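> These protein sequence lines are chains C and P, in that order.
The first sequence begins at 1 in the UniProt record's numbering and counts up one residue at a time.
The second sequence begins at 1 in the UniProt record's numbering and counts up one residue at a time.
In short, the hints are calculated from the structure, not lab data.
Among these hints, one or two may not hold up.
What the hints assert, rightly or not - Think about it this way: if two alpha-carbon atoms lie no more than 35 Å apart in a straight line, the pair counts; the simulated DSBU-like pairs of lysine-lysine are:
hint : chain 1 : residue 1 : chain 2 : residue 2
1    : P       : 302       : P       : 109
2    : P       : 107       : P       : 295
3    : C       : 17        : P       : 19
4    : C       : 85        : P       : 137
5    : P       : 137       : P       : 104
6    : P       : 155       : C       : 57
7    : C       : 90        : P       : 223
8    : P       : 109       : C       : 17
9    : P       : 295       : C       : 15
10   : C       : 6         : P       : 155
11   : P       : 155       : P       : 104
12   : P       : 109       : C       : 90
13   : C       : 6         : P       : 181
14   : C       : 6         : P       : 223
15   : C       : 44        : P       : 137
16   : C       : 85        : P       : 109
17   : P       : 107       : C       : 85
18   : P       : 104       : C       : 6
What the hints assert, rightly or not - Take a look, some chain C residues computed to stay more than 12 Å from chain P by CB distance:
hint : residue
19   : 8
20   : 14
21   : 73
22   : 74
23   : 101
Quick caveat: nothing in here was measured; it's all calculated off a predicted structure.
Note that the Cβ used here is the ideal one computed from N, Cα and C, for glycine as well.
Residues per chain are reported as follows:
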Amino acid sequence: MAHEHKLEIFRGLVKFKSNIQKIWGVLIFLTIVTAVEVALGIIKPDFLVHTRILGMKLLNWIFIILTIVKAYYIAWDFMHVRDEKPGLRKSVVWVPVFLIAYLVFILLIEGDYIYEVYKDGFVKWNF
Amino acid sequence: MDTTVTTGAEGSVWGGGNKPLNASYGKMMMWFFIVSDALTFSGFIAAYGFSRFKFIETWPIADEVFTHVPFFHGNYPMYYVAFMTFVLIMSSVTMVLAVDAGHKLQKTKVTWYMFATIIGGLIFVGSQAWEWATFIKGDFGAVETKGGQILQFVKADTGERAALSDFAKDLHEDRVQHERKNGLWFTSEGAGEAFSVNEVVEGFKANPNILVRTEMLTEEGEKTLLTRQQSLKELENAKYVIKGANLIRNEYGTRLFADFFFFITGFHGFHVFSGVVINIIIFFNVILGTYERRKQYEMVEKVGLYWHFVDLVWVFVFTFFYLV
């Protein structure tokens, strides 16, 4: 069991003196990210709602990216992925990432296709 | 002559002499489990995305559904879920502090941090139960048409949602309550405050201040408000009066919305619940000194991995159910 911890986050931008300090630092970061998400969700700034990138609102892209950022810090610092050997890290991270990206891609394309069929097809369903 | 062949494999890479991942058996298995469980959850969430893309123009707006905070009246979108998220992240922090104290073999600290983690988990599960109860009870009520569309009601002057009880007319109709003995033995209904479709429609006609809101989203991402004329036309197709939610229909919109809500948050809540149970077992083991005698607290680290994973999943559920 590795007792030594890597004590820097943000690629070395922030360095901590002890593991306990790092834990609190990550908590503060996660809290700020969550607060930003909730604030954006309540305010819903007009320009973020109306700008669309790849068919999705910019606001939703921001939410998804912030979620992945949070997930990264939970896995890396709370689940100690940062301190594991690269082999373990790669096998537990990349396998799900590829499988999930593939699954989501296929299902969202298919869902959108069915939406088009409902909308433009000859089936009357909106009555 | 010495016939024994020494391969000298103990130290080489292929002889099993080294530990390429530097993790114990138990920890590896926990990671295996987490990876497979992550795929189960992503199956659920991807299915949710699929159904949502299918009904992209009519999906309910989460801000308008989850607006309640216990002990407070009024409209507070998101606040309570944000609180729940914070509780779970906080209990993740106490868990990781317990693991850290375990590395240093500080039994008292591990005990207290484990205790705090369990409390955090219980608060979260309790909040989720409350959230379910509120969701099932519903607040304004709606009408479903023959085609399964949900029609909600809005006050024309203020733009606020109107509850069925605000305008439905009591027609003193004779209503026969459906009982098990009069039909299929497994179906029955509660007495409730239910109005008949007729009472809602008559009440609507008598009250010019009420408008119908359909599920269809406008360009601005809000629900379409009909005129009085259109509203009356839509109400001709009214078939059911709905209050709250179950697995068949719900007052918030697409049926699948409630189904996915129950399945995904339910499956996650079940994970939190089992996490609390496992944490309690480990907590007592810590108190009894099991790990003190083993001279290592790796067990705390393993349940910690599971607990953080539950938190990780919630981060995604929070985004896809409440934010996006």
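> Does each hint hold? Answer for all of them.
Consistency of the hints with the structure:
1. Taking the CA atoms of residue 302 of chain P and residue 109 of chain P, the gap is near 17 Å; set against the 35 Å cutoff, the hint holds.
2. Taken as a hint, the residue 107 of chain P and residue 295 of chain P pair is honoured in the structure, with Cα atoms around 11 Å apart against an allowance of 35 Å.
3. At most 35 Å may separate the alpha-carbon atoms for a hinted pair to count; residue 17 of chain C and residue 19 of chain P meet this at roughly 29 Å.
4. Restraint check: the Cα-Cα separation between residue 85 of chain C and residue 137 of chain P comes to about 50 Å, which exceeds 35 Å; the hinted pair is violated.
5. Straight-line distance between C-alpha atoms of residue 137 of chain P and residue 104 of chain P comes to about 49 Å, which puts the hinted pair past the 35 Å bound.
6. A distance of roughly 29 Å separates the Cα atoms of residue 155 of chain P and residue 57 of chain C; the hinted pair therefore holds under the 35 Å criterion.
7. For the hint linking residue 90 of chain C to residue 223 of chain P, the alpha-carbon distance of about 44 Å lies beyond 35 Å, and the restraint is violated.
8. Restraint check for residue 109 of chain P and residue 17 of chain C: the C-alpha separation of about 20 Å stays at or below 35 Å, so the hint holds.
9. Restraint check for residue 295 of chain P and residue 15 of chain C: satisfied, since their Cα atoms lie roughly 30 Å apart, inside the 35 Å limit.
10. Note on residue 6 of chain C and residue 155 of chain P: the hinted pairing is violated, with a Cα-Cα distance of about 58 Å set against a maximum of 35 Å.
11. Between residue 155 of chain P and residue 104 of chain P, the direct Cα distance comes to roughly 63 Å. Violation of the 35 Å bound is thereby established for this hinted pair.
12. Distance hint between residue 109 of chain P and residue 90 of chain C is fulfilled; the C-alpha atoms sit about 33 Å from each other, no more than 35 Å.
13. Note on residue 6 of chain C and residue 181 of chain P: the hinted pairing is violated, with a Cα-Cα distance of about 69 Å set against a maximum of 35 Å.
14. Straight-line distance between C-alpha atoms of residue 6 of chain C and residue 223 of chain P comes to about 50 Å, which puts the hinted pair past the 35 Å bound.
15. Of the supplied pair hints, the one linking residue 44 of chain C and residue 137 of chain P holds, its CA atoms being roughly 28 Å apart against a limit of 35 Å.
16. The suggested pairing of residue 85 of chain C with residue 109 of chain P holds, with an alpha-carbon distance near 28 Å, which does not exceed 35 Å.
17. Between residue 107 of chain P and residue 85 of chain C the alpha-carbon distance is near 28 Å, which keeps this suggested pair within the 35 Å criterion.
18. The hinted pair formed by residue 104 of chain P and residue 6 of chain C meets the criterion: a straight-line CA distance of about 17 Å does not exceed 35 Å.
19. With a least beta-carbon separation of about 17 Å from chain P, residue 8 of chain C lies farther than 12 Å from that chain, consistent with its non-interface assignment.
20. Residue placement check: residue 14 of chain C keeps its beta carbon more than 12 Å from all beta carbons of chain P (closest about 17 Å).
21. For residue 73 of chain C, the condition that its CB be more than 12 Å from all CB atoms of chain P is violated, with the nearest at approximately 10 Å.
22. For residue 74 of chain C, the non-interface assignment is contradicted: its Cβ lies about 5 Å from the closest Cβ of chain P, within the 12 Å cut-off.
23. Distance check on residue 101 of chain C: its Cβ comes as close as 10 Å (rounded) to a Cβ of chain P, failing to clear the 12 Å threshold; non-interface status is violated.
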